[in-house]
Amino acid sequence: MKRATFLLLLLLWMLLIFNFSSQNGEASGGLSTKVTNIVLTIAHKKDTIAAPQKKYIEHIIRKLAHFSIYFLGGIIIYSFFNTFSISFRRKLLFTQILGSLYACTDEFHQLFSFGRTASFKDILIDSSGILLSLIIITLFYKLIKSKINLVQAAF
Numbered sequence: 001m002k003r004a005t006f007l008l009l010l011l012l013w014m015l016l017i018f019n020f021s022s023q024n025g026e027a028s029g030g031l032s033t034k035v036t037n038i039v040l041t042i043a044h045k046k047d048t049i050a051a052p053q054k055k056y057i058e059h060i061i062r063k064l065a066h067f068s069i070y071f072l073g074g075i076i077i078y079s080f081f082n083t084f085s086i087s088f089r090r091k092l093l094f095t096q097i098l099g100s101l102y103a104c105t106d107e108f109h110q111l112f113s114f115g116r117t118a119s120f121k122d123i124l125i126d127s128s129g130i131l132l133s134l135i136i137i138t139l140f141y142k143l144i145k146s147k148i149n150l151v152q153a154a155f
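Under our numbering, think of the first position of the sequence shown as 1, with each following residue one higher.
Source of the hints: derived by calculation from the structure; they are not laboratory data.
For each residue, glycine too, the CB sits at the ideal point set by N, CA and C.
Honestly, I wouldn't trust all of these hints.
Claimed, not checked - Below, in silico cross-link-like pairs of lysine to any residue (SDA-like), each with a Cα-Cα straight-line distance of 20 Å or less:
id: 1; residue 1: K145; residue 2: S79
id: 2; residue 1: K63; residue 2: A153
id: 3; residue 1: K45; residue 2: A27
id: 4; residue 1: K55; residue 2: C104
id: 5; residue 1: K63; residue 2: K2
id: 6; residue 1: K34; residue 2: L12
id: 7; residue 1: K63; residue 2: R89
id: 8; residue 1: K121; residue 2: L139
id: 9; residue 1: K45; residue 2: L31
id: 10; residue 1: K121; residue 2: I137
id: 11; residue 1: K63; residue 2: T33
id: 12; residue 1: K145; residue 2: N82
id: 13; residue 1: K63; residue 2: A4
id: 14; residue 1: K121; residue 2: C104
id: 15; residue 1: K2; residue 2: I57
id: 16; residue 1: K142; residue 2: L131
id: 17; residue 1: K63; residue 2: S21
id: 18; residue 1: K2; residue 2: F18
id: 19; residue 1: K54; residue 2: L64
id: 20; residue 1: K45; residue 2: K55
id: 21; residue 1: K63; residue 2: L131
id: 22; residue 1: K142; residue 2: I125
id: 23; residue 1: K34; residue 2: K2
id: 24; residue 1: K55; residue 2: S79
id: 25; residue 1: K45; residue 2: E26
id: 26; residue 1: K55; residue 2: T105
id: 27; residue 1: K63; residue 2: T105
To be verified - Computed spacing ranges between beta-carbons, pair by pair:
id: 28; residue 1: S87; residue 2: P52; range: 41 to 51 Å
id: 29; residue 1: L7; residue 2: K34; range: 24 to 34 Å
id: 30; residue 1: L12; residue 2: D47; range: 36 to 46 Å
id: 31; residue 1: Y56; residue 2: F88; range: 39 to 49 Å
id: 32; residue 1: R90; residue 2: T5; range: 31 to 41 Å
id: 33; residue 1: N24; residue 2: I60; range: 21 to 31 Å
id: 34; residue 1: L139; residue 2: A27; range: 31 to 41 Å
id: 35; residue 1: L111; residue 2: L12; range: 36 to 46 Å
id: 36; residue 1: K121; residue 2: V35; range: 35 to 45 Å
id: 37; residue 1: D47; residue 2: F94; range: 47 to 57 Å
id: 38; residue 1: I144; residue 2: P52; range: 46 to 56 Å
id: 39; residue 1: H59; residue 2: N19; range: 19 to 29 Å
id: 40; residue 1: L11; residue 2: L132; range: 14 to 24 Å
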């Protein structure tokens, strides 16, 4: 049941990314502009920032979106692999490989969306999001393992 649940989450995550990549350049840019305007409004800076600075902030937000969605993907992919009886290291390795391969296919897919391009830099950003999720998972794993060892040593 767990495996099926995480597989469904994984497929939904992939579908979400596929949907974003299917947007044409105008729709994708429009979404980034909306998010940027929301962020600037929350920060009370919307009316005080010049257009070039706003474009730079929008670029940063786009890259953070790449990083964040693949960070989430790293957690989902790892959770799926965690339902198999394989070593912790292999789960990490398979997660990074699958996530990075999906980032490559995502960028390739964007070549077929009007007004969009593929970017090797985006693949690196996406793969970095996955890597950070795996670093955090590893830290939690080691923390939990050390707590278990402490409890076992106490008895």
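Against the structure, the hints:
{"no.": "1", "hint": "K145 x S79", "in the structure": "17 Å, holds"}
{"no.": "2", "hint": "K63 x A153", "in the structure": "46 Å, violated"}
{"no.": "3", "hint": "K45 x A27", "in the structure": "24 Å, violated"}
{"no.": "4", "hint": "K55 x C104", "in the structure": "26 Å, violated"}
{"no.": "5", "hint": "K63 x K2", "in the structure": "32 Å, violated"}
{"no.": "6", "hint": "K34 x L12", "in the structure": "24 Å, violated"}
{"no.": "7", "hint": "K63 x R89", "in the structure": "28 Å, violated"}
{"no.": "8", "hint": "K121 x L139", "in the structure": "27 Å, violated"}
{"no.": "9", "hint": "K45 x L31", "in the structure": "19 Å, holds"}
{"no.": "10", "hint": "K121 x I137", "in the structure": "24 Å, violated"}
{"no.": "11", "hint": "K63 x T33", "in the structure": "13 Å, holds"}
{"no.": "12", "hint": "K145 x N82", "in the structure": "16 Å, holds"}
{"no.": "13", "hint": "K63 x A4", "in the structure": "31 Å, violated"}
{"no.": "14", "hint": "K121 x C104", "in the structure": "11 Å, holds"}
{"no.": "15", "hint": "K2 x I57", "in the structure": "40 Å, violated"}
{"no.": "16", "hint": "K142 x L131", "in the structure": "16 Å, holds"}
{"no.": "17", "hint": "K63 x S21", "in the structure": "14 Å, holds"}
{"no.": "18", "hint": "K2 x F18", "in the structure": "24 Å, violated"}
{"no.": "19", "hint": "K54 x L64", "in the structure": "15 Å, holds"}
{"no.": "20", "hint": "K45 x K55", "in the structure": "14 Å, holds"}
{"no.": "21", "hint": "K63 x L131", "in the structure": "15 Å, holds"}
{"no.": "22", "hint": "K142 x I125", "in the structure": "26 Å, violated"}
{"no.": "23", "hint": "K34 x K2", "in the structure": "36 Å, violated"}
{"no.": "24", "hint": "K55 x S79", "in the structure": "36 Å, violated"}
{"no.": "25", "hint": "K45 x E26", "in the structure": "24 Å, violated"}
{"no.": "26", "hint": "K55 x T105", "in the structure": "27 Å, violated"}
{"no.": "27", "hint": "K63 x T105", "in the structure": "17 Å, holds"}
{"no.": "28", "hint": "S87 x P52: 41 to 51 Å", "in the structure": "50 Å, holds"}
{"no.": "29", "hint": "L7 x K34: 24 to 34 Å", "in the structure": "32 Å, holds"}
{"no.": "30", "hint": "L12 x D47: 36 to 46 Å", "in the structure": "38 Å, holds"}
{"no.": "31", "hint": "Y56 x F88: 39 to 49 Å", "in the structure": "40 Å, holds"}
{"no.": "32", "hint": "R90 x T5: 31 to 41 Å", "in the structure": "21 Å, violated"}
{"no.": "33", "hint": "N24 x I60: 21 to 31 Å", "in the structure": "22 Å, holds"}
{"no.": "34", "hint": "L139 x A27: 31 to 41 Å", "in the structure": "38 Å, holds"}
{"no.": "35", "hint": "L111 x L12: 36 to 46 Å", "in the structure": "24 Å, violated"}
{"no.": "36", "hint": "K121 x V35: 35 to 45 Å", "in the structure": "20 Å, violated"}
{"no.": "37", "hint": "D47 x F94: 47 to 57 Å", "in the structure": "48 Å, holds"}
{"no.": "38", "hint": "I144 x P52: 46 to 56 Å", "in the structure": "47 Å, holds"}
{"no.": "39", "hint": "H59 x N19: 19 to 29 Å", "in the structure": "22 Å, holds"}
{"no.": "40", "hint": "L11 x L132: 14 to 24 Å", "in the structure": "23 Å, holds"}
Consistency note: the structure conflicts with the earlier hints numbered 2, 3, 4, 5, 6, 7, 8, 10, 13, 15, 18, 22, 23, 24, 25, 26, 32, 35 and 36.
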